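Trainee: Spelled out, the chains give:
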Amino acid sequence: MAVESAGDLASFFGPAEFAVGAIYSLARGGDTAITGIFDAGYTRIAGIGQAAMTSVQPTFTVRTSDLPAPARQDSGDTVRISGVRYKVVEVQPSDDGAVSTLILSR
Amino acid sequence: MSHVRQQIRAAVVARLTGLATTGTRVSASRVHPVARGAGPTLAVYTLDEESERMSIGADPEMDRTLTLGVEVLVQSAEFDDQMDDVCAEVEARLGGWRPGDPKVRELVLVSTEIQPHGEGEVTAGSCVMGWQTSYVTLASDPTISL
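Those protein sequence lines, which keep their order, are chains A and B.
Take 52 as the starting number for the first sequence in the numbering used here and just add one per residue.
Take 201 as the starting number for the second sequence in the numbering used here and just add one per residue.
Since the hints were made in silico from the structure, they are not lab data.
It is possible that part of the hints are untrue.
As the list claims (entries may be wrong) - Simulated coverage check for chain A against chain B, where a stretch passes if three residues somewhere in it have a Cβ under 8 Å from a Cβ of chain B: (1) 87 to 96; (2) 104 to 110.
Unchecked claim - The calculated SDA-like cross-link candidates involving lysine to any residue, where the alpha carbons are at most 25 Å apart (straight line), are: (3) A:K138 with B:I256; (4) A:K138 with B:G296; (5) A:K138 with A:A149.
Being a predicted model, the structure only gives us computed values, none of them experimental.
Glycine included, C-beta positions come from ideal geometry on N, C-alpha and C.
Using the sequences plus the hints, can you model the full thing?
Mentor: The structure is reproduced here in structure tokens:
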């Protein structure tokens, strides 16, 4: 059962709260303005041997219903956030499907 | 005096410093991770060493076969091509070269293992090249090659 109501989600993902604006571009064409919560937290990439690299993992969490079409991995869809275009490389839906976290890559 | 193994590792680091792609981004070990946005980087370390007794007596000669790992780390959308570029430069520098001491045998590439990494802001890849050499020491003195 969803914890949040549609109204709660709408305010949570509003630009006045935590969200930022973005443009979601379908690979097959068509741009849609959406809002979501952007994050780019630290991540450590283990090498194949003893060495490792540090990076950040950009994510964009959105209301699933705001997406112009169901987000799919390897679809070629992109998201432009603050002037930076990212590829959608992974889609992580919440348990109830109301929210999707898009894993992004430049 | 340091272990011959350490001398070899240091010689390889010096030999690999200044390559066109990796420049001075070469280290003799890699405890701390390579920073985000750094260019292609090399780490040189010991993978393993096997020792075999060659003579009898209280202080026998030991034949040692050392395998060094030269790890290539690349963060780039074109990591495959960049890694192969770096590998080509490393192979051209190390192939058939005696690391430092003339009594140490030539380096031979014995393996190359490659792995892509999908996580992170930019795709990345790492590759470990195994380079083998051998040398002889007294059992009681691993700091001088015979």
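Trainee: Is the coverage entry for the segment 104 to 110 of chain A by chain B consistent with the three-residue Cβ rule at 8 Å?
Mentor: holds (count 6)
Trainee: Go check the segment 87 to 96 of chain A versus chain B for me, would you? Three or more residues, Cβ under 8 Å, otherwise it fails.
Mentor: holds (count 4)
Trainee: Has the given pair, A:K138 with B:G296, been kept, meaning a C-alpha gap of at most 25 Å?
Mentor: 43 Å, violated
Trainee: Keeping to a limit of 25 Å between CA atoms, is the pair of A:K138 and A:A149 held or broken?
Mentor: 21 Å, holds
Trainee: Would you check the hint for A:K138 and B:I256, treating anything up to 25 Å between C-alpha atoms as holding?
Mentor: 65 Å, violated
Taken one by one, the earlier hints fail for this structure at numbers 3, 4, listed in ascending order.
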